[in-house]
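Visitor: So the sequence lines, in the order shown, correspond to chains S and L.
Numbering of the first sequence is given in the UniProt record's numbering, commencing with residue 1 and proceeding in unit increments.
Numbering of the second sequence is given in the UniProt record's numbering, commencing with residue 1 and proceeding in unit increments.
Hints are computed from structural coordinates only; laboratory data are not their basis.
Among the hints, erroneous ones may be present.
To be verified - Straight-line Cα separation of at most 25 angstroms, BS3-like style, residue types lysine-lysine; simulated pairs:
1. S:758 <-> S:709
2. L:88 <-> S:709
3. L:46 <-> S:325
4. S:696 <-> S:665
5. L:46 <-> S:709
6. S:1253 <-> S:1295
7. L:88 <-> S:743
8. S:662 <-> S:573
9. S:361 <-> L:88
10. S:795 <-> S:741
11. S:326 <-> L:88
12. S:129 <-> S:257
13. S:419 <-> S:349
14. L:46 <-> S:672
15. L:88 <-> S:331
16. S:1115 <-> S:1140
17. L:25 <-> S:331
18. L:88 <-> S:672
All figures in this text were calculated on a predicted structure; none of them were measured in a lab.
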Amino acid sequence: MRELPSQARLYAIVAEKRDLQEEPAPVRRNNSQFDWALMRLDNSVRRTGRITKGLLQKVFESTCRSGGPGGNQALLLLRSCGSLLPELSLAERTEFAHKIWDKLQKLGVVYDVSHYNALLKVYLQNEYKFSPTDFLAKMERANIHPNRILGFMKTKDLAVTEAVFSALVTGHARAGDMENAENILTVMKEAGIEPGPDTYLALLNAYAEKGDIDHVKQILEKVEKSDHYLMDRDLFQIIVTFAKAGYPQYVSEILEKITYERRYLPDAMNLILLLVTEKLEDTAFQILLALPVSKEENINVFGSFFLRHCVTMNTPAEKLIDYCKKLREAKLHNASLQFTLHCALLANKTALAKAVMQALKEEGFPIRTHYFWPLLAGHQKTKNVQGVMDTLKIMNELGVDPDQDTYVNYVFPCFDDVKSVRAALQENECLPQSNAFAQAEVRSEAKNGNLENILSKNIDLWSKITELLYKNGRYCQDPQGPSEAVGYFLYNLIDSMSDSEVQAKEEHLRQYFHQLKEMGVKVPENIYKGIRNLLDNYHVPELIKSHQLASSDLESTLEKLKAESQPVGDALKQLVLALCAEENMQKALEVKAKYESDMVIGGYAALINLCCRHDNAADALSLKQEFDRLDPSAVLDTAKYIGLVKVLGKHGKLQDAINILKEMKEKDVVIKDATVTSFFHILNGAALRGEIETVKQLHESIVTLGLAKPSTNISLPLVTVHLEKDDLPAALEASIDCHEKYKILPRIHDVLCKLIEKGETDLIQKAMDFVSQEQGEMTMLYDLFFAFLQTGNHKEAKKIIERSVIPRLSTRSSVPVSVCSCLTFFPVLNSCPLYLLIRHRLHFQSSVAHAGGSCTIEDMLQLTWLYREEKEEGCHVSLLAVTGRPLHSSCHALLLSLCSPDTLPPAWELSKQLSLKFVSLLFVSFSSILLKLRILLCASSPDTSAGVSFSAVPKLLLCVSESSGKGQRLKTQERSEVQCLPTSSLAIGYRVKSASGERCTYMLFTALTRGSGHGIKTPGAECGVVLLSSAPGEAKGRGPPESGGQPGQQSKPGYICGSELIRGNKLSSRESYGVSYMLCGGSVFQTPGMRARPARLQWFCDRCISGNQVETLEKLVELTQKLFECDRDQMYYNLLKLHKINGDWQRADGVWNKMQEENIIPRERTLQLLAEILKSSNQEVPFDVPELWFEDDRPSLKSSSTPAVETDTEKMLLNACRLRKNKDAYNIFLKAQKRNIVFSSETYSTLIGLLLKKDDFTQAMQVKDFAETHIKGFTLNDAANSLLIITQVRRDYLKVALATLKAALDLEQIPSKLAITRLIQAFAVKGDLESIEAIQSMVNGLDAIDLSRMVFINNIALAQMKNNNIDVAIESIEHMLTSENPTIEPQYFGLSYLFRKVIEEQMEPALEKLSIMSERLANQFALYKPVTDLFLQLVDSGKVDEARALLERCGAIAEQSSILLVFCLRSAGKPKKAPVLKTLLELIPELREKREAYSSSMKSYALDKDVTSAKALYEHLTAKNVELDDLFLKRYATLLKDVGEPVPFTEPPVSTLN
Amino acid sequence: MAASAAGRAMAFRARAGQHVAFIRKIPWTAASSELREHFAKFGHIKRCSVPFDRETGFHRGMGWVQFSSQEELQNALQQENHIIDGVKCFFSPMQIYVQAQKPKVLQGAQTSDEEKDF
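So here's chain S without its partners, still in its complex pose (with noise of 0.2 angstroms):
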């Protein structure tokens, strides 16, 4: 039996199969918490094949928390530790799932048959070596009876079945002996069983294992030859096979035959992460490059799964890296290396992410400083020095310059303090060289206050620091400049500081302020602004006047240098410097102009700049010229240049200013993004000015000089300047001509906004033809759309949405979609059968198999459809499928987008039980004018039976000249089959003439003369001939029709011939889009409808709310009402954007109510934006926001606007009700009630509720009545409805009661035990059988009530009695005791309530005639339980002669101490039962010394105060020794101190008594 786990395996999947299939749902639909468990879980296998381990974890940990976690949890977690996680080894899986055993047995799972079945089924995916009879042994200790698959592993007698052959293969192939393995098939055939694709499997899994890679190859060719398929999965398990026995060279061998079927992908997958998992990652990446993935778009990231588990399985770094260069050259994946850097650096995989990042910077890619932050950030949390340095040195090594944020952020926060970073960095020898360590440095201490010391101790210091970094080179490599650098110091300094410091230290801050002023530092504008404003807010404004810099004085300094003969370079730069700060353009060219030949490069530049600022064009562009002359080789910052061609242009010396962007180019001037931004402001600046010469030259250099890409932004003012002319053919030409040159369409919607607002319908045409060619159709529509709402052409906006508005039959993209719009399309696929095959994607043959003849039309059509789109086979055979079948009307449309000329034959055989209407659809889709004719022939024959008349035929006519007539052309094969078509078309010409008259020949006429005009010579113009003679009048009616056959009239637009179709034909509204959309669109549902695209309507909606366009937006969005696919609420939400914008709470109240009207469940978000609107406008939110604070699914949501005043009033009533105030709530109820207040179904319930509990029942009835006439189809909730039961119960309104019952049950309602038992009980002391009956009959089955089967028979006896029937109920009662199978247990047979009420009631005859039963079964049967009862139910009412004479017949009762003690411990809970139990203690004496009898009577003397007795007992008790607890003892001290009687021994702490 070695065998015996690879059979079991076998069956364990057949198992596995079928257990996919039996139990699809959850079977506790409650718990909700499981739901969710199973649908994360289940949506993750539907989806991927597979569950990631920190889901699995997840959900697990989830169970584990709720608590009592049920048995089916526990199924679904251990069913997930098998071959689900691909990503665990497969010891780690088993693992996984002995913890979670193990967990949940502790939890209190009870694990039946199926959880061993599940940990078996995991042990075999996860090739577990376990000893089967252990496992057996393990079921049987649980008591658990072996089913299925462990059936198999016990019973010997196997049926011999295919399954059994395999297993016999992959024995013996494992033993070596690949001989027999092979000759097993032979015995197979002779056993008669054909060896299927399981055996072959076996075997070619057991030669694979060999490495035998030639029978591998022969098996598979033998397969392929006999009629048995192998499923991709079948071969990627070979695979496996070859890559885990070493033998990968063979894999690509088996890769060829894969057939990587698309629903096979998560299969693939799998098995990738499964090789990854085994260390067979080469193995894994050859599958993954062989799996068929597009290629075409730009963004593609295929393979991230493989590249993130090779992350996680510590696949090595070189290995990985090209892979990933494999993959990014493989178009495969353009971020592979960017995205296992991620993974690495999610994993803290320190050592692969430095070499990720290295072979990033190997291929040109820039390496960021915040890539190493996780790095840090996971050194930091464990304050790892270390770590951080050993970062540190990485990104050293990697040429990355930590920046400031990487030291303070991530680095000084793992030390004590700034100055040990130093020390370390220094040691570590990574103290970088730029200025970024020492700014950090300063900001953090800045930051910290830590400057306080040295400031308050020494100013000098604090100036040194400052100078240090504004002078010392080292920090002087900031683009920015030292100033910022010195700014934001000082801004940090004075920032960190107090109020009070500053103004304590006012005059130290002066000092420093003024020592910065002596050193010349300076700060820029913005940050000296904040400064200032700190000071102001400290309430120190001298110091701000401290910190003004002076520059006048300069000029004397000069003039005192210059008469002193000194060299005065310095203080001139420094003059024209500070002239230029100070905008004194006149003053400075006059410093120029008088110092010209001391004047250095620095002053020019800044001069230059002035000029420009000043629109000094002459001025600027001279002093460039001396500039240039000064220093040929010196270049200028960006922003000077800009201000030059921007000064330049503006001055009409653009041949200038084109030099000077030569010069950039020459020069190799840094280009920035803002300078990017510069270059559109001077182009729109322009544009503005109307330059149409200086945009158009300045944008061709600039782009054509690379100093910009010729994106949108800077294209735009090539049209606006148009625009800004009202040009608006130009400005149409210049968006155009930037599509040709650089791909992109500028302004075209302000373009298309113009052009409609001046009615130019040529030029939009001529727009709208190139956008849709170059861009799309539906790109078309929406810049057509908007730019009619746009300009307030409402209607036509409307006629796009409308007329473009169809569900999509046919769709480019994925299938769910197609399906969800086909769904839509055809509602009553919802519920079918197939429809879920269809989703599940399972094949075409086995979908038809498994619907079988039950399949519908619209199945069958829905799979015709949906193989279409996958370009499947298939389409054809589902078609003839369809033939033969009474067509249903809706399917016409779908079964036009089937037809094509391929399908032609079967759509005919179709057509030939279809209606008129559908022939005409027919017809019109088709394009090719070829079996247009072929159509109208065989719908013209004679010998068609069909509905097809001749009446038809003009319509058909009038179709085919309408597409002929759309310049369609034929092919040349269509030409040379409609060329042997002659007589055929004579024919009909021939037919329809003598059917219907001359104007259809005409058109059949004009048909063929257009059709000839696209190549059909011959039989068109012998048509024409032929018919013309026959039709003059017509002919000439119209006018002879052009030579050459060309189009004698224009074409109507598709769409009114459609909709002339559509009236005429009277279609139903689907087929008449259909129809419409067909024609309009050309051929068939070959442009896809229009349907939302949320970027471009949240493009125009963010356009409308920022240009607060109210009136637009408002009718953006009700027109898109019916778009499909349209996220309404997303509109709705961006209406109430612009509302609160405005602050129109009016609108926004409207929005409110158009989105009632429309049926719109609003987001959480809307209602609070909403509520915010009103509320900022004092209005009250008519609903509630956003915590529901009672009870949730309160109806006010949806139901229409219910005044605040509504709200309030209901929580008030809530409010009293959970209080129990039941007076307050029904004034509350009264109150509104006068008002005409309707509250929620709910809080009726829950006031009736109350007040039926409270007694006040007309009151409840009142407040019934109410909601019953206010709320359609008003219910009280099941509560209510028991306390309504138990109320008129005690009212004796029985009937009405029993009503209530029966309503309440119709509902579905549960209601309580007590209500029902009450009802009962007050029937059988009416002597009511019927009605108990009844109940009976109404509750039975109703597990949930949890009514005790006694209640009836109890009470059935009772009302029996009640009739003098005594006998009959005796009889009954004894039978079901006495009976072989007892329905109940005799032990839970208690008639003590019959007993009672007897007694109670004063039945003697009835009472004596129980007496004698229960003594009989007593004596005869041995069944104690009904005289005891009996006893006890005399002694509990006083009878205790009875008692006392009963107990004596029948000595037993003394025995039955169960019954008494339980007896004694529920008196003992009621008042007034001391004289009870003090008198059963008497009877039955030895009770006394059981602990519940001696404790409950303690208890109920101490309840009674009955203190005689309670000495008594303590007495007794003492004296027999009995140790008495706690408990007794303290209640029996209370009783006697109560009575101030001393306590004769220590009374024990209070806190035992409860």
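Dock chain L against chain S, hints included.
Guide: Only chain L this time, still in chain S's reference frame:
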């Protein structure tokens, strides 16, 4: 610069209302300088921030950009796709977000990992 990343976001929020755009789904490879680089072509960027989570060292895929004028913000709005580091980012003007800025993106980002596989 002194303000923490979160503080910077706060600063944006406090002064929101004018010319600030909110960007979502920023790829992890990009930080504020990349964002600045991208949006600079639409106008002058006054401020730009992509707050990082110091616990993880990653940012949360969102950021703010403040333009100096409404017009520039409009320029950016004109462009339908904003692609940073080869990834399409979502861009929306921030006028309403003043209060309702909950980083729900975080959760979404975690759950969507599986979807990204393909």
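Visitor: What are the numbers of the hints that this structure violates, sorted from low to high?
Guide: 1, 3, 8, 10, 12, 13
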